[in-house]
Amino acid sequence: MNTIRYHIQNRIAYITLNRPEKRNALNAETVSELKQAFKEATADSAVKVIVLGGEGKAFCAGADLAYLQQLQNNTFEENLADSQHLMQLFHQIYTLNKPVIAAINGHALAGGCGLATVCDFSFSVPEAKFGYTEVKIGFIPAIVKVFLLRKIGEGRAKELLLGGQLITADKAAQWGLINEVVDTGMLQQRVETFATMLCTQNSGQSMALTKQMIARVQELPLEEALQYAAEQNAAARATEDCRRGISSFLNKEELEW
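Under my numbering, the first residue of the sequence shown carries the number 417, and numbering increases by one thereafter.
Please keep in mind that the hints were generated in silico from the structure rather than gathered at the bench.
This structure is a prediction, so every number in the text was calculated from the model and none was measured.
Accuracy of the hints is not assured; some may be wrong.
Straight-line alpha carbon distances no greater than 27 Å define the calculated DSSO-like cross-link-like pairs of lysine-lysine that follow [as the list claims (entries may be wrong)]:
(1) Lys567 / Lys473
(2) Lys552 / Lys574
(3) Lys438 / Lys451
(4) Lys552 / Lys473
(5) Lys561 / Lys545
(6) Lys514 / Lys627
(7) Lys587 / Lys552
(8) Lys567 / Lys627
(9) Lys567 / Lys451
The calculated label-pair distances, taken between Cβ atoms and stated as ranges, are [claimed, not checked]:
(10) Glu670 / Glu639: 40 to 50 Å
(11) Pro637 / Lys552: 30 to 40 Å
(12) Leu636 / Gln486: 38 to 48 Å
(13) Gln628 / Ala444: 21 to 31 Å
(14) Glu575 / Leu636: 22 to 32 Å
(15) Thr612 / Lys552: 37 to 47 Å
(16) Ala645 / Glu543: 33 to 43 Å
(17) Ala624 / Phe492: 29 to 39 Å
(18) Ala641 / Glu669: 27 to 37 Å
(19) Ser448 / Gly571: 27 to 37 Å
Positions of the beta carbon are idealized from the N, C-alpha and C atoms, including for glycine.
Using the sequences and the accompanying hints, generate a full structural model.
As structure tokens, then:
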């Protein structure tokens, strides 16, 4: 892979954007390689949690503007295919059957902020800035908006998407855009500790089903959502993980997943 790095350690797959000279900006090649890496991690039974990070001083600066400029000569159909390429990546991360943690080592802007938004957990260094600056260059934050509205609600989303202003990591945490601000030198350790906790203390099957349900129930009418939840509840009781978990709890046995 030319634009990302991928390795596995202690059941954690590390996917790292590796275009530091471009502040890890996204182009078609990077999106393709990210999709492939997430696909590999999904299929690998040795992987339980995925960490997405960035090399250098930025997490991700969003779309590569030189690449976007090239696309202006494309037909609508060609631009739609390119847009759907990014859409598929965001949807893939959001619906992935394993938890995805963003280790935000620097600014997360525009599409880069979108990447942080679709991850299940996000830990950031204090100096990172977050925001959607598309309106400042005549573009629109189209795809990321779908996920941002779900995550932080319409009021805050409008402030970010229409205002186009950058916010600090502390404010991003206050707004629920990220989970936690970590001292710069401690980011890797904090992310590894959290990822290890997910690996050893939680059922992978249970996390996968819970993540699936979180994505699904929000699109259903109330009664349908409750019926879907009841059916999933009933089905979960028959799983091997549930039997094992309840038996261990009742027998006061130490359980490591």
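Query raised in the report: Given the proposed pairing of Lys567 with Lys627, does the C-alpha separation stay at or below 27 Å?
Result: Roughly 14 Å between the alpha carbons, so the hint for Lys567 and Lys627 holds.
Requested in this report: Take the C-beta atom of Ala641 and the C-beta atom of Glu669, compute their distance, and say whether it sits inside 27 to 37 Å.
Outcome: holds, 35 Å
Query raised in the report: Are Ser448 and Gly571 spaced within 27 to 37 Å by their CB atoms?
Result: Roughly 35 Å apart at Cβ, these two residues keep to the hinted range, so it holds.
Query raised in the report: Per the hint of 38 to 48 Å, is the separation of the Cβ atoms of Leu636 and Gln486 within bounds?
Result: holds, 40 Å
**Report entry** Hinted pair Lys567 and Lys473, Cα distance within 27 Å
**Finding:** holds, 26 Å
Query - Pair hint outcome, Lys567 versus Lys451 [Cα-Cα no greater than 27 Å] - result: holds, 22 Å
Report task. Kindly confirm whether 21 to 31 Å is satisfied by the beta carbon distance between Gln628 and Ala444. Result -> Holds, at about 29 Å.
Query raised in the report: Taking the beta carbons of Pro637 and Lys552, is their distance inside 30 to 40 Å?
Result: holds, 38 Å
Query raised in the report: Are Lys438 and Lys451 close enough, with their CA atoms no more than 27 Å apart?
Result: OK: Lys438 and Lys451 at ~19 Å, within 27 Å.
Report task. Verify the proposed pairing of Lys587 with Lys552, using a straight-line Cα cut of 27 Å. Result -> Status holds; Cα separation ~21 Å.
Requested in this report: Given the hint that Lys552 pairs with Lys574, test it: the Cα-Cα distance must not exceed 27 Å.
Outcome: Given that 27 Å is the threshold and the Cα spacing comes to 14 Å, the pair holds.
Query raised in the report: Does the Cβ distance between Glu575 and Leu636 fall inside 22 to 32 Å?
Result: Holds, at about 28 Å.
Checked against the numbered hints above, the structure breaks none of them.
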